[in-house]
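Novice: Taking the hints into account, I'd like the entire structure generated from these sequences.
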Amino acid sequence: MNPQVLLLFAALPLFGAAGIAFLKDRSALLFKNISLVIILALTVLAVYLEVYLFSSNTVLVFAQKGSIRIASINLAADRLGGMFLLAVQLLYSAMIIFLFRVRSDVFFGYKKYLLFLLLIFAVNSLILCADMFYFYISLETAVLAAYCLLMSCSRQINSLRVFKSMVQTFFASALLLLAIAFILSYISALNLADIFRQLQYRFAMHTPAGTKKLIVDFIRLLLGAGLLLKFGGLLSRSRIFFADVEAIKILRFLRVILIFALTYGSIRLFIYAFFPAVELDCKPLAVVLGGVFGVKNYVAAIMGTVL
Amino acid sequence: MVYFLCLVLFSVGLYGIIVKRNAIKLILSLLICSYAVHLFFVLSGYKNQGIAPLFSAAVNHRTLVDPVPQALVMVSIIVSLAVTALLVTACLRLYSEYGTFDLKEIAGKNSRKAGEKRRAEKK
Numbered sequence: 001m002n003p004q005v006l007l008l009f010a011a012l013p014l015f016g017a018a019g020i021a022f023l024k025d026r027s028a029l030l031f032k033n034i035s036l037v038i039i040l041a042l043t044v045l046a047v048y049l050e051v052y053l054f055s056s057n058t059v060l061v062f063a064q065k066g067s068i069r070i071a072s073i074n075l076a077a078d079r080l081g082g083m084f085l086l087a088v089q090l091l092y093s094a095m096i097i098f099l100f101r102v103r104s105d106v107f108f109g110y111k112k113y114l115l116f117l118l119l120i121f122a123v124n125s126l127i128l129c130a131d132m133f134y135f136y137i138s139l140e141t142a143v144l145a146a147y148c149l150l151m152s153c154s155r156q157i158n159s160l161r162v163f164k165s166m167v168q169t170f171f172a173s174a175l176l177l178l179a180i181a182f183i184l185s186y187i188s189a190l191n192l193a194d195i196f197r198q199l200q201y202r203f204a205m206h207t208p209a210g211t212k213k214l215i216v217d218f219i220r221l222l223l224g225a226g227l228l229l230k231f232g233g234l235l236s237r238s239r240i241f242f243a244d245v246e247a248i249k250i251l252r253f254l255r256v257i258l259i260f261a262l263t264y265g266s267i268r269l270f271i272y273a274f275f276p277a278v279e280l281d282c283k284p285l286a287v288v289l290g291g292v293f294g295v296k297n298y299v300a301a302i303m304g305t306v307l
Numbered sequence: 308m309v310y311f312l313c314l315v316l317f318s319v320g321l322y323g324i325i326v327k328r329n330a331i332k333l334i335l336s337l338l339i340c341s342y343a344v345h346l347f348f349v350l351s352g353y354k355n356q357g358i359a360p361l362f363s364a365a366v367n368h369r370t371l372v373d374p375v376p377q378a379l380v381m382v383s384i385i386v387s388l389a390v391t392a393l394l395v396t397a398c399l400r401l402y403s404e405y406g407t408f409d410l411k412e413i414a415g416k417n418s419r420k421a422g423e424k425r426r427a428e429k430k
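Protein chains in written order, with this note's numbering: chain A, 1 to 307; chain B, 308 to 430.
If you are wondering where the hints come from, they were derived from the structure by calculation, not from laboratory data. Check each hint, because a few of them may be wrong.
Subject to a maximum C-alpha distance of 25 Å in a straight line, what follows is the list of computed SDA-like cross-link-like pairs (lysine to any residue) [as the list claims (entries may be wrong)]: (1) A/LYS164 with B/VAL386; (2) B/LYS411 with A/ASN158; (3) B/LYS411 with A/VAL162; (4) B/LYS354 with A/PHE133; (5) B/LYS332 with A/VAL167; (6) A/LYS164 with B/VAL372; (7) B/LYS354 with A/PHE182; (8) B/LYS332 with A/SER159; (9) A/LYS164 with B/LYS411; (10) B/LYS327 with A/VAL162; (11) B/LYS411 with A/SER159; (12) A/LYS164 with B/LYS416; (13) B/LYS327 with A/PHE133.
Specialist: Shown next as structure tokens:
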């Protein structure tokens, strides 16, 4: 793909929209409409890129062929990842149109717009990430953006519950980081595929290994507790502490995307469990969930998210 | 021994999160927890009598410290800075709304407010 096309359709609309929204935050409707058109153009481009990614894989679900180069960063996803990204992007477009229709007077403040973009970026990278630390950073970015967005959107807000939920969520981050530190010191790798291979190798070498098994279980426990606390803190009490319509919509949107990411992980887990010979090229969430996190904790995380 | 001290530091933070009811103290406890985790992370790349990881033919590679945890901790510290800023903002919002940092007192005021609302709706 020609990089100039990307520059024309991605970078310019992005900065243009941000600039217009920044300069004309709450003024004429014309500028809001321009912002909307640019945002939609950007979304259409993203959808196009993802369709390209999706259709360029012709072999199998797991084969990595679709690779797009944007600003010297290689984005690589397989067909499954492309499909999920596409779904996220479509949801995002629907959300933008809905919010503009319902609350066009307040939503397109530049801060909220940029925060929303940040949120989408983080959630997309959550699906694309192939590294435990990237996973942590994108999760953290998504949570930070979501809290900022919700706090700036909602007027009738129960500050105490929000504060408690934030403390819970950020304590969960500490647990996740601790788990990552353990993984790094024990396995000496953070790439998900490497972790997966190392664990497989170690379990094959030391079959009923007492201490090694214990460390892996401890890491699983930390990751499970961290993810449960994080999703629970962010999503479970949303209806109670946000009375504003748009805030609830944003939160529901986030919830759907996170469930998407987890479903994606579960499909990967299924592939890993039943087709172990197949090479996983994309190495997304599932290897975390499958190799390190464990099936039980995964089910618990789903339950926590849904409840 | 140093790893044990990390655990102690983490436990101190955890104790604060569970026991303390002052919003500022809660944030401080959370920070202590994250400091302990950062310390543990950095120590995972530590080597006794290790040297900076600058590769050359003359250097014994076994004595080089692992630079990966240090780089990761730098990023993590920046993230925790953003988190702290957001938490302090929420804390200030609490104070401006209720005039106190005590979470018990705030919860009491909240329930009183809700009761008054319900009574007003009944009337």
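Novice: State for each hint whether it applies.
Specialist: Outcome of the hint check:
1. A/LYS164 with B/VAL386: Distance ~19 Å between A/LYS164 and B/VAL386 Cα, so the pair holds.
2. B/LYS411 with A/ASN158: holds, 14 Å
3. B/LYS411 with A/VAL162: holds, 15 Å
4. B/LYS354 with A/PHE133: Measuring from Cα to Cα gives roughly 22 Å; hence the hint holds.
5. B/LYS332 with A/VAL167: Holds - the C-alpha atoms of A/VAL167 and B/LYS332 are around 12 Å apart, at most 25 Å.
6. A/LYS164 with B/VAL372: The given pair, whose Cα atoms are some 39 Å apart, is violated under the 25 Å limit.
7. B/LYS354 with A/PHE182: Roughly 16 Å between the alpha carbons, so the hint for B/LYS354 and A/PHE182 holds.
8. B/LYS332 with A/SER159: Distance of about 17 Å is within 25 Å: holds.
9. A/LYS164 with B/LYS411: Cα-Cα ~12 Å, so holds.
10. B/LYS327 with A/VAL162: holds, 17 Å
11. B/LYS411 with A/SER159: With Cα atoms ~13 Å apart, B/LYS411 and A/SER159 stay inside 25 Å; holds.
12. A/LYS164 with B/LYS416: holds, 16 Å
13. B/LYS327 with A/PHE133: violated, 31 Å
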